[in-house]
Amino acid sequence: MPQAEQLALVFLDGVAFSMLLFLLAAGLVLMLGVMNIVNLAHGSFYMLGGFVGIAVGVRTGDFALAVLAGMGAIGVLAFAMERFFLRRLPGNTEQVLFTLGCVYIIWDLSRIAWGSNPQLLSPPAFLAGSVPIGDYRFPVYQLAVIVLGALVALGLWFFVQKTRFGAIVRAGADDREMAAGLGIDIKLVFTAVFTLAGVLAGLAGVIGAPILTANLTLDWQILTLALVVMVVGGMRTIQGALVGSLVIGLVGTVGTFFLPQLSMFLVFAIMALVLAFRPRGLVR
Amino acid sequence: MVSKLSGTQRLAYTLLLVALGAGVFVILPHFLSSYYVLVFAEILIFSIFALSVNLLMGYTGLVSLGQAAFFGAGGYTVALLVTHAGIENFWLCLLAALAVSALLGLIFGLLALRTTGMYFIMLTLALAQMVWAIVWRWRSFTGGDDGLPGIPRPDLGLPWSLADNVSFYYLVLAFFVIAVFLLYRIIRSPFGRTLVGIRENESRLQALGYNTWRYKYVCFVIAAVFGGLAGTLKVYQDGFISPAYCSMSLSALVVLAAMIGGTRYFAGPIIGAAVVWVIRSIVSSYTEYWTLILGVLMVVVVMFARQGIVGYFAQLREKRGIVKG
Amino acid sequence: MESLRAEGVSKRFDGLYALQDVSLTVATGERRAIIGPNGAGKTTLFNLFAGETKPSAGRVYLFGRDVTALPAHQRVHLGLARTFQVLNLIPSLSVLDNVLLAVQAVKPFRNGLLRSQSSYAGLFEEAEGLLSQWGLWKRRGDPLGDLSYGQQRRMELIMALASKPRILLLDEPTSGLSEGAAASFLDMVRGLGRDTTAVIVEHDMDVVFELADRITVLHQGKVIAEGTETEIRGNTRVREVYLGEEE
Amino acid sequence: MKVSLPLMLALAALAATLVLVGCQSTQEAGPPIRIGVLASLTGSLATNEEGAVHGMELAFSEVNNEVAGRTVQLIVEDAGLDPGLCLTKVQKLYEMDHVDLVLGPCLSSQGLAIRDYIDRNKLITISHFCSSPAFLEESASRYFFRSSHNSGRQPTGHSAYIPYAVKGYRTAACVALDYKAGHDEMDGFKQVFEGLGGNVTQEIYAPIGTADYGPYVARIDLENADFVWSFLWGDDAVRFVKALDQYGIKQRVALFFTGAATVEPPDLWAEGDSALGIEDASHYSPALNTPANNAFVQAIRDRYHEEPTIYTEHGYVAARMAILALQKVNGNTSDPEAPVAALEGLNFEAPRGPIKFDQGHSPTQNVYHRVVEKVDGKLQNTVIGVYNDIGPYWLPPELRQAEGG
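Protein chains in written order, with numbering that gives the first Met the number 0: chain L, 0 to 283; chain P, 0 to 324; chain C, 0 to 246; chain Z, 0 to 404.
Since the hints were derived computationally from the structure, they do not count as laboratory data.
Fair warning: there could be bad hints in the mix.
Ranges of calculated distance between the beta carbons of each label pair, as one might list FRET restraints [stated by the list, open to error]:
| no. | chain 1 | residue 1 | chain 2 | residue 2 | range |
| --- | --- | --- | --- | --- | --- |
| 1 | L | Val-130 | Z | Ile-383 | 31 to 37 Å |
| 2 | P | Arg-113 | C | Asn-37 | 17 to 23 Å |
| 3 | L | Asp-134 | Z | Asp-301 | 46 to 52 Å |
| 4 | Z | Tyr-303 | P | Arg-113 | 53 to 59 Å |
| 5 | P | Leu-105 | C | Phe-108 | 20 to 26 Å |
Just a sample of chain P residues kept apart from chain L, beta carbon distances all over 10 Å, derived [unchecked claim]:
| no. | residue |
| --- | --- |
| 6 | Ile-26 |
| 7 | Gln-128 |
| 8 | Ala-132 |
| 9 | Asp-163 |
| 10 | Glu-199 |
| 11 | Ser-248 |
| 12 | Arg-263 |
| 13 | Val-277 |
| 14 | Val-282 |
Ideal Cβ placement from N, Cα and C applies to all residues, glycine included.
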């Protein structure tokens, strides 16, 4: 029988993983809600963010700089993608297919730049240790990820619920009249949302690197998990993304702890159940 | 899109081209090394697969990023029947593979077709990943990551063996011709014309009296069956199956192929499949950047040549051929 | 004989009533106009008849059959057809293809999978008949989007007639048409046989009074009057809320 | 507007034919010895496999790319990680490039996929990895050799023997990747450890590509394990070793792994200090301090400005095997039996130590007891014990009777 402390470890670990998923799913929700597109390169953003973060972190030894570099690089990339390419495409199907092409390009460029060997980023010194939980220990860094995830969730919620900008997010994609009524340039909103989602993915990539490493299989893998989170959470709201992330993160880790032979499969089983019985997701 | 001109000249012209095309396909293997015969068979198989996804994407306007689920379902059905149940009969395996693909299509269609647009893309992708996860994790049954080796080339009771690449190529060619024939008939049929109508204006079609959901559902299942057919042929060609058969990257690759060729043209996916497969199997011998090439090609097609390669040439021909008064 | 009947139909959107307890009966062969100021609920009522939305309360009958739960496409097969207020066609397909889709919709072979559309005897002839009758056969090969606005409005009607409906719902069919075009359009409607029932939503009172046998007036989601042209003209409540406003 | 289908098909076929025929014309019959290389240059092993190709190139450059007076031409093909693609590529090498011999492939699944083909065509293939025991047993081929080791037995036998006989551990919790090699390794370890009298208390399998190893390390039952044994590689190894450290497992229980796996460079370098002090048994270490290895390491550094890994050395040794065998038959491969006999009789000094092929087509070689240390700021597997002349089927002396030889 597992001890309580083992369960605590797994639970905390699951929450930390959920937070990484949340940062991605939140970006996907924003893009879907405002622009009505799904960015298939979102997993690639995550992966590239990790690579950039590691490159900077290893050279400078400064974790904060690595995080800023990862966020900045992906932010700029997302900005450029939206501004110079997506905007010129006539329909959202074309936009999605464009992001699919970007998956291949980002993957190969990352391979050329960083190779295929696993790379790991060391957490900053003040988060490097572990705290005791009974006879076991839990990394402080993962606790910090949980706190950061919660803060970002709070920030996004405030942004969506309380700001003028957020009103557009809530109104949904096609309500351009409303945006115009509020005196907001919808093109600017699109660029801003896509960039913000990119920044969040870059952030997730860097802060995920000390836990998940950075490697070339992450793009599809992370995208899949983030999409499953979307399906479970209902695709529409930040709250849904949070709930979906927690469900998938915890099912993934706690389920794996008890039934390792069913790992990964459990995550999809949850998705299938939600699809069958709550097709519009757990939230809304 | 309509051409009811059916003069004898045009007929003769068409027949000539068909004969020419068929001739090239039939003679081809005798001019190529066994390796290229294999690549060519692969292109034909991948063409069937690309045609299946394009029935959804090009004709019905449903972008599915989960078509590899059916490719894998077909392939794994054969692999499991051969390795676990010891069933060697090709026709039985083929039938079972198509049935399983159809069944999977029936189930996934129910779930995915409740939605449209972006949601449909995401759902098909996630559902296909579920198939992949099952295949990948159920090691005792599917061989997991190691896959299932040891699937012999089919024995059709013919006087020659299909273990030989050229003979196998002819088998694939036969199925390719059948698939092209059936799909071409389907898209020209009242059913197929309705799919185009749904793509362009679904609500209008409903108002005209079409149960559009049912059309999309049937189309989804047909696409699944042809996807399964492609997977079946591929597993016989390789003699081996692995989770890569139902991976997301395969789903993405086939959408890419259809896009590059041109989704609005029947032959588009075939050309696209040829281009993608030549890059993957032949260009990759000369450069390690072939993934990048595919990605850039995709972006260029989406940005500048949305009609794809076939569409591009069609427009050229149109410019030269038709002078508007 | 009745063709269409609504019984106590209500429709709520977000707690507000778009329609409230509307009842009306249209007899077979009748020309019925539904009028009312903007926001009176005309289009909502139309959509309820066509099956595009479901009522929050009440029932809809088509040829005596309760069709409240029946989706739009099934009502077509009972003999209902409609046009749209805003052009709702397939501009990228040719004129002929549009009509073929409409003609084919009520044919048993519409689900045919393996025979080419062009091989079905009678299908093209029927489409040709319709297009020739309404003067668009010459344009059959052009993308529908290339037609003039008036021609496209005519296409709306042709598409609706293609299923040989027994009841035709016309949603502001002359909106945006020049006077001449509107007149020729009215000729089209007048040319319909009396075996076809027509329900028309219209703003143009001249059109209404010229076409309709009976008129139903909606106001704020309720029926405030129903009757012949003279009855409606004489109705003080109608003058108050509607005609008075406009004139 | 529509384009006639037959026209497009005809054009497609014509274009494809031109491309294919064009490609074919590059071949020419000439004196050079052609050697095909199958490497996994795309996918998760790409960088390691580039190292393997570097090792091969180094070996040929040492003989000035000449064997028996003929130039050697390397034709490198990327076989990805896909067995099907590997089969296609070996057909390309044999039928189009007319190679005399093939080096590679890397993955056992790829080796198994091409096994029938090379056997049928008597195409001599020297893999630089393909460590599955199947190649010595049911899937053995007269024409298939390898420069690596034998999964589950060599060096894994020593990863059970040293903990039991030298360290006195009696219980083990085991973690392996959930694929064929993982099961082979785990079964091999169990056979030896339990044969000796030890007890495997836990067998935990993690799928390849597991993102989060938290739940797996938390599962390890520390009350009932003297040590933890593992077989993982790549990102999985990095995440696993990190988790062992961060979750306090490493601090509470001994770790002894099998070699060429969990703490092998380059994965080791990503694992960082979390790997310090971990012991394992392996047949090579880049830190092996012998003249032969030091020279090899230096040569790779000079030529490619990179650190050699086990892949580099495996590639180098595979190429050495090819060179030595070809020299012995004077470059003549027209009768494949002669080079096969030459390969079977090979006995030479590799960077890893002496190698011979007295027990099948897999080397008999040294196995090293290693520990992870930090030297000059860089992690390495320092050799602290040597076991000489270990065959691919090695079993501890106590178990040899039971096996019946």
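Should the label of P/Ser-248 as a non-interface residue stand, given a Cβ cut-off of 10 Å to chain L? 6 Å, violated
Hey, is P/Val-277 genuinely clear of chain L, shortest beta carbon separation above 10 Å? 16 Å, holds
Just checking, P/Arg-263 versus chain L, shortest CB gap more than 10 Å? P/Arg-263 clear of chain L: closest Cβ-Cβ about 13 Å, beyond 10 Å.
Verify this label for me: P/Gln-128 is non-interface relative to chain L, using a Cβ-Cβ cutoff of 10 Å. Check fails; 5 Å does not lie beyond 10 Å.
Quick check on a hinted range of 31 to 37 Å for L/Val-130 and Z/Ile-383, using CB atoms only. 34 Å, holds
Does the no-contact call for P/Ala-132 survive, Cβ to all of chain L over 10 Å? 5 Å, violated
Minimum Cβ separation between P/Glu-199 and chain L greater than 10 Å? Consistent with the label, P/Glu-199 stays out of reach of chain L, its closest Cβ about 13 Å off (over 10 Å).
Minimum Cβ-Cβ distance from P/Val-282 to chain L exceeds 10 Å: 13 Å, holds
Is the nearest CB of chain L more than 10 Å from the CB of P/Ile-26? Since the minimum Cβ distance to chain L is about 35 Å, P/Ile-26 lies beyond 10 Å and the statement holds.
Taking 20 to 26 Å as the stated bounds, is the beta-carbon spacing between P/Leu-105 and C/Phe-108 within them? 24 Å, holds
Outcome for the supplied range 53 to 59 Å, where the beta carbon pair is Z/Tyr-303 and P/Arg-113: 55 Å, holds
Does 17 to 23 Å hold as the CB distance between P/Arg-113 and C/Asn-37, or does it fail? 35 Å, violated
In this structure, the hints that do not hold are numbers 2, 7, 8, 11, in rising order.
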